[in-house]
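S.K.: Residues in the sequence shown are numbered consecutively from 37, following the numbering used here.
For the record, the hints were derived by calculation from the structure and aren't laboratory data.
Even for Gly, the Cβ is constructed at its ideal location relative to N, Cα and C.
Hints are not guaranteed to be accurate.
[What the hints assert, rightly or not] Each pair of labels, with its calculated beta carbon distance range:
(1) Arg-130 <-> His-68: 27 to 35 Å
(2) Ser-83 <-> Ser-143: 32 to 40 Å
(3) Arg-73 <-> Leu-144: 40 to 48 Å
(4) Arg-73 <-> Arg-148: 34 to 42 Å
(5) Arg-139 <-> His-75: 40 to 48 Å
(6) Gln-76 <-> Arg-147: 25 to 33 Å
(7) Arg-152 <-> Arg-72: 15 to 23 Å
(8) Glu-183 <-> Arg-147: 39 to 47 Å
(9) Met-81 <-> Asp-189: 19 to 27 Å
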Amino acid sequence: MAFPTEMAGNDGADGREGCDATLCTVPAESIHSRIRRVHQRATAMLSDALTGFNLTAPQWAALAALHQHGPMSQIDLGRSIAMDPATMQGVVVRLIDRGYLLRSPDSLDRRRNLVRLADSGRRVVEAAGPAIAQAEAELTGRLSAEERSRLADLLARLCL
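Please model the complete structure; the sequences and the hints are all you need to start from.
M.R.: Right, here's the structure in full:
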């Protein structure tokens, strides 16, 4: 029996070359599977880029969000990077322990804590930024600028 990827009927315009569009439901050809494989590749590339800075991907996400948006509550930080509160708490504690973040009560609402980058946190974001940009360039290197923009737009729509 031929697998869908071995069947004729698709010109490859939709990324399923040699696959009858009505039969491409095998796990290796599903959108879910392709997203999972891209996620695995992107995660590995990000991890490699962060190795020299001794940061994890969640730590990088928190630092980069604070660098881009400025101080915010831990809850808002977690929401901005799609991280649950328990995980966010652990990430923040580790980054505070390493001297990358500072935490203080919110002057407008003392029940909330604000986190912000310490000078060392800002320096590590600025130092790691080029490595992260290089990893993303490698990940999307086969795409034109227009395709990268379209991919970013489509992914944003899927994340809503």
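S.K.: Now tell me, hint by hint, if it's right for this structure.
M.R.: So, going through the hints one by one against the coordinates:
no.: 1; hint: Arg-130 <-> His-68: 27 to 35 Å; result: holds (32 Å)
no.: 2; hint: Ser-83 <-> Ser-143: 32 to 40 Å; result: holds (37 Å)
no.: 3; hint: Arg-73 <-> Leu-144: 40 to 48 Å; result: holds (45 Å)
no.: 4; hint: Arg-73 <-> Arg-148: 34 to 42 Å; result: holds (39 Å)
no.: 5; hint: Arg-139 <-> His-75: 40 to 48 Å; result: violated (31 Å)
no.: 6; hint: Gln-76 <-> Arg-147: 25 to 33 Å; result: violated (40 Å)
no.: 7; hint: Arg-152 <-> Arg-72: 15 to 23 Å; result: violated (35 Å)
no.: 8; hint: Glu-183 <-> Arg-147: 39 to 47 Å; result: holds (46 Å)
no.: 9; hint: Met-81 <-> Asp-189: 19 to 27 Å; result: holds (21 Å)
Comparing the model with each numbered hint stated earlier shows that hints 5, 6 and 7 do not hold.
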